[in-house]
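Fit chain B to the given chain A structure using the hints.
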Amino acid sequence: MSIRALALIPVLCIFVGVVFANRTYPIVLGMPFLFFYMVVCIVFTSLVMAIVYACDPANRKEE
Amino acid sequence: MSAPLVIIAVAIAVAFVLALWSRAHKRMDLEQWAVAGRGFGALFVFLLLAGEIYTTFTFLGGSGWAYGTGGPAAYILAYGAVAYVLSYFLLPPIWRYAKARNLLSQPDFFTAQFDSRLLGALVAIVGVIALVPYLQSQMTGLGLIVQMASYGRLPEAWAIAIAMLVLALYVTLSGVHGTAWTAVLKDLAILAVVVAVGILLPARVGGLHAMFTSIAHLRPGFLQLGAKGMGVPWFISTVALTGLGFYMWPHAFGAVYTAKNERVFRRNATFLPLYQLILLFVFFAGFAAILIVPGLKNSNLALLAAVEHVFPAWAVGVIGGAGVLTAMVPGSLMLMTAGTLVAENLYRPLRPNAGAGEVQTVARVVVWLVAAVTFLFSIHSNAAIVALLLMGYNFVTQFFPSVFLCVWRRAWVTLPGAACGILVGVLLVAYFALTDHTIVAGLNSGFIALAANFVVTLLVSAATRSWDMRRTALRAADIPVHRAGEYDA
Chain A
3 MSIRALALIP VLCIFVGVVF ANRTYPIVLG MPFLFFYMVV CIVFTSLVMA
53 IVYACDPANR KEE
Chain B
511 MSAPLVIIAV AIAVAFVLAL WSRAHKRMDL EQWAVAGRGF GALFVFLLLA
561 GEIYTTFTFL GGSGWAYGTG GPAAYILAYG AVAYVLSYFL LPPIWRYAKA
611 RNLLSQPDFF TAQFDSRLLG ALVAIVGVIA LVPYLQSQMT GLGLIVQMAS
661 YGRLPEAWAI AIAMLVLALY VTLSGVHGTA WTAVLKDLAI LAVVVAVGIL
711 LPARVGGLHA MFTSIAHLRP GFLQLGAKGM GVPWFISTVA LTGLGFYMWP
761 HAFGAVYTAK NERVFRRNAT FLPLYQLILL FVFFAGFAAI LIVPGLKNSN
811 LALLAAVEHV FPAWAVGVIG GAGVLTAMVP GSLMLMTAGT LVAENLYRPL
861 RPNAGAGEVQ TVARVVVWLV AAVTFLFSIH SNAAIVALLL MGYNFVTQFF
911 PSVFLCVWRR AWVTLPGAAC GILVGVLLVA YFALTDHTIV AGLNSGFIAL
961 AANFVVTLLV SAATRSWDMR RTALRAADIP VHRAGEYDA
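Order-wise, the sequence lines are chains A and B. For the first sequence, the numbering used here assigns the number 3 to the initial residue and increments by one for each residue that follows. For the second sequence, the numbering used here assigns the number 511 to the initial residue and increments by one for each residue that follows.
Worth double-checking, as some hints may not be accurate.
To be verified - Okay, the calculated bits of chain A under chain B, using three or more residues with CB under 8 Å as the criterion:
id	segment
1	6–19
2	38–47
3	54–62
Everything labelled a hint here was simulated from the structure, so no lab data went into it. Source: prediction; values computed, not measured. Backbone N, C-alpha and C define an ideal beta-carbon position, used for all residues, glycine too.
Same shape as in the complex, but just chain A (with noise of 0.2 Å):
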């Protein structure tokens, strides 16, 4: 399985988790927890597309 596989996790975090993570409380970091998963949501998908990034060896072809 290709690493680019990876890129599927934010995405089903977003899509899948927003059932679970549609509430107002807990207020964490002084958001209503919807807008605060989406926030770690964000951060989360950054990380992993760096990932595929770095393991994808398209990217380390000479250009």
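Showing chain B alone in chain A's frame:
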């Protein structure tokens, strides 16, 4: 004259001077020196990219939606992340294809893929239709700022008329290439304003935690999904629709071609999602407005009204001035795109012998036409700015099935399949819009149109595969005769 009016007039004047100035001097390509970092540090590039997130949609629309609808505004945070993940896989093949064939515009991609100018023309028309509500959101925002600066003395229609004139005149003066310096000024100004407003307005009502706690007490359930029919299914379908449509905008699709290499897209996908976090400030400002200026009829006004209530006149002027630039830079880009689409992909195929000057004149005239049409839509509409952008997305995402299949499984899509899919999707969107159905069965109506579009594209393609193969073979044999004729299916 009031202080805000003076400062906002100065902002408009500066934009015009910069437009004329950069026309007189050598054209500067923002992307090039941003990437190369010629003399500009990483911090400067960071600030520019962060400011670029802001258009009127995010500035007044995002805060207005937080104010008016609450929880559903969270979709604006999520869809960017989905779009950037997709960009990692979708943009490099599009870039390679465009590079190999020297494509310039979005319709060119369809014309080349399916060897049909008629399909290219259809894509150009749908693109212009989608740009109108997007442009309307910028014009509405500009009008609101002008009205605010006059402290309500100027009637709304006049304010929007001024906004239309400023936009169209700006495009005419700045030429087809745009003005990088105005964009730099806009990016820095709006970033400073948004961070200041996003911190100071919540501080005014006791800080973030206290603010959200009192909103949750005042209106239980407002800070999560579910209100006004916008529940979890609406969120999922809207994030999917807008995430897939993000790069389907004519100006965004065309900008993909200009990248230096395909690795740029993959690298961008790693850090661009983080920039979405800058949007939090504008949401905080919108939520603070609930406590500062409750009960506004027009939610688009939330941020401006709260600002007027809290800040001294000069600060209102600075915020308004930044808002003006934030509407002018993207607004002028959209107007230019609409003009070029009509001139290059509708007019030129009809008049193959037209000279460059003639085509340019057509583009200029179209700019004013589109601006006038948008003005007519704007004056009697009280639509939320976010609702306008979602309408644009409903149209523009209808390109996604064909583009996706072209890149992923070229054999699965034929010319009639692509054309029928786009037509069915666009007609459904138009039907839902005219009958005022933005939400159908809990889902974003544009998503339903997208699903129908996908199914029709696949079915019609399967049914017309042999016809399409015969056409391709015939055309390959026919090329010299055909090119001479320049007429096309």
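These are the hints, each one checked on the structure:
1. 6–19: Coverage by chain B holds here, the residue count being 6 at a Cβ distance below 8 Å.
2. 38–47: holds (count 6)
3. 54–62: That given contact holds, which follows from 5 residues of the segment 54–62 of chain A lying within Cβ reach (below 8 Å) of chain B.
Consistency note: the structure conflicts with none of the earlier hints.
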